[in-house]
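Spelled out, the chains give:
2 protein chains.
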Amino acid sequence: MSKGAPLAPGDAIGILGSGQLGRMLAMAAARLGLRTLIYAPESGPACDVATQTIIAPYEDEAALSELAARVGVVTYEFENVPAHTAQFLAARLPVHPGPTALATTQDRAVEKRFLNALGVPTAPFLEVDDAAGLATALAALGRPAILKTRRFGYDGKGQIMIREGMDVEASWLALGGAPCILEGLVPFTREVSVVAARGRDGSFAAYDVCENVHENHILALTTVPARMAAEAAAEAVAMAARIATALDYVGVISVEMFHVVDDAGERLVVNEIAPRVHNSGHWTLDGAVTSQFEQHVRAVCGWPLGSTGRHGRVEMRNLIGQDANDWAALLAEPGACLHLYGKHEARSGRKMGHVTRIFPD
Amino acid sequence: MSKGAPLAPGDAIGILGSGQLGRMLAMAAARLGLRTLIYAPESGPACDVATQTIIAPYEDEAALSELAARVGVVTYEFENVPAHTAQFLAARLPVHPGPTALATTQDRAVEKRFLNALGVPTAPFLEVDDAAGLATALAALGRPAILKTRRFGYDGKGQIMIREGMDVEASWLALGGAPCILEGLVPFTREVSVVAARGRDGSFAAYDVCENVHENHILALTTVPARMAAEAAAEAVAMAARIATALDYVGVISVEMFHVVDDAGERLVVNEIAPRVHNSGHWTLDGAVTSQFEQHVRAVCGWPLGSTGRHGRVEMRNLIGQDANDWAALLAEPGACLHLYGKHEARSGRKMGHVTRIFPD
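Chains D and V supply the protein sequences, listed in that same order.
Once you know that position 244 of the first sequence is 243 in numbering that gives the first Met the number 0, the rest is easy, because the numbers rise by one and skip nothing.
Once you know that position 262 of the second sequence is 261 in numbering that gives the first Met the number 0, the rest is easy, because the numbers rise by one and skip nothing.
The hints are simulated quantities; they were obtained by calculation from the structure and are not laboratory data.
All of these numbers come straight from a predicted model, not from anything done at the bench.
Built from N, CA and C at the ideal position, the CB exists for glycine as well.
Treat each hint with caution, since some may be false.
Per label pair, the in silico range of CB-to-CB distance [to be verified]: (1) V:Gly308 x D:Asp262: 36 to 46 Å; (2) V:Arg142 x D:Glu332: 51 to 61 Å; (3) V:Tyr153 x D:Pro56: 45 to 55 Å.
Next up, chain D with everything else stripped away, as it sits in the complex (with noise of 0.2 Å):
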């Protein structure tokens, strides 16, 4: 595949996904002039901004041919993309980031034997895929230990803690019998995350490293710069960097790490990469130069990438289900930078909107 003839402001770029990642994309497409569309099985909240919308499964051979034809390049808003769909894509126009970042980041077990190769630590692991190989895998690693399925999962689905005590064979049964890997704990001080953006031209830029905290699995709150020590900030923005030249890869990239502070000092342990812009990277809306959503269209587009730099030392709150009910006293308070996604029903658990606070540094 090439990586493509960089696109002119009123080019077209499509986006797989109507979810707010695609919403806030396709917004910052066009603030640079560019058409959009949007495709995916069901309408979303990214078709209320889109200039064009193709509602179809990712199977349909007709409706992918249709969104090749009338755009200039492919990205996407989440990492699921099934691979044909991708490869089908990439045989007729620019899909970015490749089908190798996905085929890498879709399967846990191949995402961190990619990354070990590199020289980038991970949690310690093992594939299991039946309840036998569960057994031995926790002889292993000990417990506690979290059974992850290889795919497929993400804001806590698809994954269970096994603690001491629990049943070997209702564990692996609770999570369908799916491929799984077991990953030993890492005692980790903080959760972080870097967002950066890789060009066609090889070109890399990070934002500040982020700290993340989850509450339910689901990310409640990133800070940002996080709490670290200038030396691990900045190995933490050089395993990005390998990881993205090592995949090729043209867009924002984000990596979240374990950030482990003990008597030997500070280190960095990667959980996971997602190859897409990511919810740790929504302050950079209004916290940064460039956000990283304007950052992924230059970068897929083949343009340059724009400054990083931050404009105070920054806090993102998401509005999870029923936080999204205090828009009110959010657009009320001085300086908060409210978001909102435009999803009709507030359900628990979904990420309705976010809020941005700017202080100085």
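Dock chain V against chain D, hints included.
Here is chain V on its own, set in the frame of chain D:
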């Protein structure tokens, strides 16, 4: 007309006009979780980012009724909304700014009489309805003076400078015989504008005074803050507040002024009022906590006004016609924030986009 109940996220806002101001208003509304409907006689850049579009003449009462049925509030991107359209809609749902603000600002003579009655200084002017009236007005105000149509002027259209030696009859015919005013020249040092907002509850918030440079009668450059004494800046904002209050205004209002510096000190003369977001406020997208577009949406929805705090010293340059061909260089310039409006053809004099640069204060 009632000012209406506040809207809630998920509700829809109707915008009359499909140009770049409507586009940026629609994106600001989407960011706050609102749906958008663009109503215009012809498709334009705003349609690319709107949830819904109605393409119909402003006189089409069936289409206007459809608009009124689909949205919770109507606003507009330009001051030449026909009076009957505004009244038809205002009888059915809240229209902000209201028909009074429109009627006052659509006619230069009405606007200047309104300002003078409030004690707000304007250029000296006389109404002119025929060539004989023009001769009388020129005798009173002297030459050079500017003949302007009372209605439908913008970006230098509908006006002519009458200098020594120019024929009165020919000058009168040059503007097509439309009702006019003749304005005496104001010996100004610089042009400035106040972009401010008034909420449904009467709250008022102004951005720092903008300093504007026009080329060929089109805004070329805005810098903020304007170079003027603090007392003069405060007086400029106070004038805008007085105007907004007198109009019982809801939304963003822009007041263009001449800043006169002479032996008597500094003073301000109002040039014209725009009952809408304004080109000289585009810097707020990158340079202020709340953009003028979000501020307008907040006001017309009955929500609290946002912070008008400024991130630094800001410069906004319009990209007119072929200027937009520099997009690649602007994307490559560190810290430059590029906005393109998605217009298909870079005609001479056409506003294609703008670029904002922010410097430490």
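The hints, checked one at a time:
Evaluation of the 36 to 46 Å hint for glycine 308 (chain V) and aspartate 262 (chain D) yields a pass: the beta carbon distance comes to about 45 Å. Taking 51 to 61 Å as the suggested C-beta distance range, the pair arginine 142 (chain V) and glutamate 332 (chain D) conforms, at roughly 55 Å. Restraint check, tyrosine 153 (chain V) to proline 56 (chain D): a C-beta distance of roughly 48 Å satisfies the suggested window 45 to 55 Å.
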